[in-house]
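There are 2 protein chains.
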Amino acid sequence: MKAKVRILDMYSGRYSVFINEKEAKKAKLHPDDLVKLETGKKTVYGSVTISNLVKEGEIGISKDVLQLHNFSEGEVVTVLPSGAPESVRYIKKKMNGEKLRKVEIETIVKDIVDRKLRDIEISSFVTALEINGLDMDEIAALTIAMAETGDMLDIDRKPIMDVHSIGGVPGNKTNILVVPIVAAAGLTIPKTSSRAITSAAGTADVVEVFAEVSFSLDEIKRIVEKIGACMVWGGALNLAPADDITIKAERALSIDPVGLMLASIMSKKYAMGSQYVLIDIPTGKGVKVETVDEARALARDFIELGKRLGQYVEVAITYGGQPIGHTVGPALEAREALQALMSGTGPGSLIEKATGLAGILLEMGGVAPSGMGKKMAREILESGKAYQKMREIIEEQGGNPDIKPEEIPIGDKTYTFTAPTSGYITAIDNKAITGIARAAGAPEDKGAGIELYVKVGEKVKEGDPLFTIYAESEARLDQAIVFARRAEPIRIEGMVLQRIGNI
Amino acid sequence: MKAKVRILDMYSGRYSVFINEKEAKKAKLHPDDLVKLETGKKTVYGSVTISNLVKEGEIGISKDVLQLHNFSEGEVVTVLPSGAPESVRYIKKKMNGEKLRKVEIETIVKDIVDRKLRDIEISSFVTALEINGLDMDEIAALTIAMAETGDMLDIDRKPIMDVHSIGGVPGNKTNILVVPIVAAAGLTIPKTSSRAITSAAGTADVVEVFAEVSFSLDEIKRIVEKIGACMVWGGALNLAPADDITIKAERALSIDPVGLMLASIMSKKYAMGSQYVLIDIPTGKGVKVETVDEARALARDFIELGKRLGQYVEVAITYGGQPIGHTVGPALEAREALQALMSGTGPGSLIEKATGLAGILLEMGGVAPSGMGKKMAREILESGKAYQKMREIIEEQGGNPDIKPEEIPIGDKTYTFTAPTSGYITAIDNKAITGIARAAGAPEDKGAGIELYVKVGEKVKEGDPLFTIYAESEARLDQAIVFARRAEPIRIEGMVLQRIGNI
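Chains as they are written, first to last, in the UniProt record's numbering: chain A, 1 to 503; chain B, 1 to 503.
Okay, chain A solo, but in the shape it has when bound (with noise of 0.2 Å):
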């Protein structure tokens, strides 16, 4: 059937089409089938909504669908039933633990960025791969796949560098000292960041406190062909679309499945153009990776996977049992590696954990003899170089260079936490820091987060401080503050504890 386009003002989630009643019927729709609306260009698939809201001869789309197509209002579209999608039939396969052709990855993979495919199929080939994985031609069919079927950057300088780290520890800033370092040293390093998911803040939540994070790959290719590096959200771009559309049943299910993993973090670098990629491993309790003969494993398939995509990959597993630095939450976070820029200096965790990726880039970029490459990035860092860059990319990306730490606003709701007694820090908990970050409204709420005052090791005496909760509302504080007492998120070990050798 032929009809006009209404949007509707509404986002459900999905993509969802609204047929009048007697239309459904006669078309032989019912509610939450799959449909395609064929324009001259483009065709876009749908679920039924049966409804009365719009009449015969209209079609009413939700704004999801907007984000795919730029409908117009009053557009004539063709609308017609879709039938079951052919990739179904690969992910069955899957299911049966069979291995999957590259093309029928790729159809998998299309059908996912088409979204002929929903839910219920997506979440069963998530589900699939969780149970069955993926061997090493699979992940690489379906990184190329994933990059393939998004845009894809082509900056005219060489070589190209990335850092990732694949998270999970709280505070993680390091990125932002590791850009200007290896850009300040005459390397290529567009960088791309997620938001926060389930952590307290995303790389791009911190640097979007000083800075522009929203841009074009064209606004992208004009920053970093000038300056050698930028620091951009990559969810305001259209990079490996179909790991945004799984991320959602991943989530739900709360499994990642490693094949998937690897695909996710890869396309966006291949589809950025990078050709030599660090990969950050952050190790401990309380972390994504929890022992080094994991974070091994996982490194020997980052390796591979480069080889097979054309890249040049090394990992590195770092130490992930506490938070980076002192700062969790996004202000507090962009004060401190603002802070380390400025000075050259700051918490050694933070240091020295920026210092040896950007070392480690240095080494791959040929810019710094093997061995020495810490070296020379704890040079740029302490010689103001690294700060000079850090300058531009927040000039470049609409932000204000001369903004100083003590400039950037936090909340102004606090509370500190001391400690009971006396002793020796033994572990700070990373997903009590996060859970309380989170409780005080990070990541949203740019101000709120956590000061700490301890790290692991560390001697307190009773009632000195351990950390500071920040919140831009009571609320928030007060919700943080219950979460944080039942939380425990510092633990001190005592002398009573230690006595017990002595008896």
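A portion of the hints provided could be inaccurate.
Copies of the same chain look alike in the list, so a pair counts if it works inside one copy or between any two.
What the hints assert, rightly or not - Below, simulated DMTMM-like cross-link-like pairs (lysine to aspartate or glutamate); rule was C-alpha separation at most 20 Å, straight line:
#1 Lys25 x Glu474
#2 Lys26 x Glu474
#3 Lys25 x Glu444
#4 Lys285 x Asp402
#5 Lys22 x Glu444
#6 Lys307 x Asp33
#7 Lys28 x Asp445
#8 Lys55 x Asp9
#9 Lys26 x Asp9
#10 Lys26 x Asp154
#11 Lys28 x Glu444
#12 Lys413 x Asp151
Note that these hints are calculated values from the structure, not bench results.
Chain A is fixed; fit chain B onto it per the hints.
Then chain B, alone, in the frame of chain A:
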């Protein structure tokens, strides 16, 4: 937040909850988030749509929700974000290949029925079952949980018999003969049936040609206690509602995990209070179960599951390699079944199967001596007692008991295919026959379908009629003809092929 309910004129195929944009922002709700609506008595779960079609202080709900709870316009409800359902953990356990405990299965089923699990989680569960399976303990727990989360029937007669065909054979109107034969022998058989899902006519679609099929459980109880039988549509009842929900994912993925199939069938028998259950497993090319070995394995599972449920189960493995009788499609099948009941005779495939199954039930129910059931069934059919019982059923179910087969309207647009060559009929393709009948409009168009003039093994001469297509419109007739020309529904092995051996 508290809000007034507005019922929106729409069916979205899921439980949509419309929330005003400002309010959603305040409550940090995003499109497709799971929320719970709390009323005095009940908690209902739904998926967020963000829209200014509703005002602040209001929530809109799609009419789908009314199936679960009868909200009234303007009713005040509390809307709360809902965390991840607990049962997601158990679905993950099944992904890991672990055995689920009874209470875990109960939680999953309860969350499905409450709509706390949505497409993503349900599809993951179904996929995990397809891959990792269920053992008999799990299947029994699933069956009972599915029955007990729905309505259950308690009929004051003993013993309660039941018969179920796992389907796949076109033209299978057998049970329309079996039920009145068994009831005429004094046994009780409250038969529920489904409508066609992928076939051209479900038993409920055929019965509906001469009687009502939608009744409440109370009405069914009254009918069955009066006349010992009914033939109603199970879908009108709230029997094992989890099954109706999971079937959506199974259909989209075209999978049917064995454990879920067993639980689906047997939960409904359990809910109807059936004590003696006969399962018909048609076996042959183009039906669900293709080999006798598979059928035997499945039979053992049915019998074992029956034991766990306190039911006595027998299984008949029947020939399903070609259609039963000569007709396919609701009205045509209704004519054939009624004709057979009235005359006590009919096509061999129909009469043999019907009296065979009925005979087993007569023996199971203790009214026929062992080995004498089929003979007794045939006598009941030939004596007209089965027809008399059928008249009672039709009358109690609001139909006209005096209806004659030739008074049942069938499609007046017809087209007859003839034999293109002389020879023996070597195959009739079940799937092609179903496809043609559906193309002609069955099961929605009651008068659409096929009349077959030949069966496998019969000899035809060139030009002899093979089958006639019936449709209610020229357009549908044309569609069916086109489909039939492509599909090769009937294969004739003529002289040409036989001559090859003579060379």
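>> With identical chains, the pair lysine 28 and glutamate 444 could be close in the same copy or across copies; at 20 Å between alpha carbons, which is it: within, between, both, or neither?
In response: between (45 Å within a copy, 9 Å between copies)
>> Cα distance capped at 20 Å. Does lysine 26 pair with glutamate 474 within a copy, between copies, both, or neither?
In response: between (57 Å within a copy, 16 Å between copies)
>> When Cα atoms must be at most 20 Å apart, do lysine 25 and glutamate 444 count as within-copy, between-copy, both, or neither?
In response: So lysine 25 and glutamate 444 pass the 20 Å test across copies only (11 Å; inside, 45 Å).
>> One pair to classify: lysine 285 and aspartate 402, alpha carbons no more than 20 Å apart. Within, between, both, or neither?
In response: Neither, since 39 Å and 78 Å both go past 20 Å.
> Between copies, within a copy, both or neither: which fits lysine 55 and aspartate 9 at Cα up to 20 Å?
Replying inline: both (16 Å within a copy, 12 Å between copies)
>> At most 20 Å between alpha carbons: which applies to lysine 28 and aspartate 445, within, between, both or neither?
In response: Answer is between; shortest inter-copy Cα gap is 12 Å, intra-copy 48 Å.
> For the identical chains here, do lysine 307 and aspartate 33 meet the 20 Å Cα criterion within one copy, between copies, both, or neither?
Replying inline: Neither way: lysine 307 and aspartate 33 sit 42 Å apart in one copy and 39 Å across, limit 20 Å.
> Is the C-alpha distance from lysine 26 to aspartate 154 at most 20 Å within one copy, between copies, in both cases, or in neither?
Replying inline: neither (49 Å within a copy, 41 Å between copies)
> When no copy is specified for lysine 25 and glutamate 474, does a C-alpha distance of 20 Å or less occur within a copy, between copies, both, or neither?
Replying inline: Intra 54 Å, inter 19 Å, cutoff 20 Å: inter-copy only.
> Between the shortest in-copy and the shortest cross-copy C-alpha distance, which are at most 20 Å for lysine 22 and glutamate 444: within, between, both, or neither?
Replying inline: between (44 Å within a copy, 16 Å between copies)
> When no copy is named, should lysine 413 and aspartate 151 be tagged within, between, both, or neither for a Cα gap of at most 20 Å?
Replying inline: Classified as neither: same-chain Cα gap 43 Å, cross-chain 53 Å, threshold 20 Å.
>> Please sort lysine 26 with aspartate 9 into within, between, both or neither, judging by C-alpha distance up to 20 Å.
In response: Intra 26 Å, inter 18 Å, cutoff 20 Å: inter-copy only.
In summary, the numbered hints that this structure violates are 4, 6, 10, 12.
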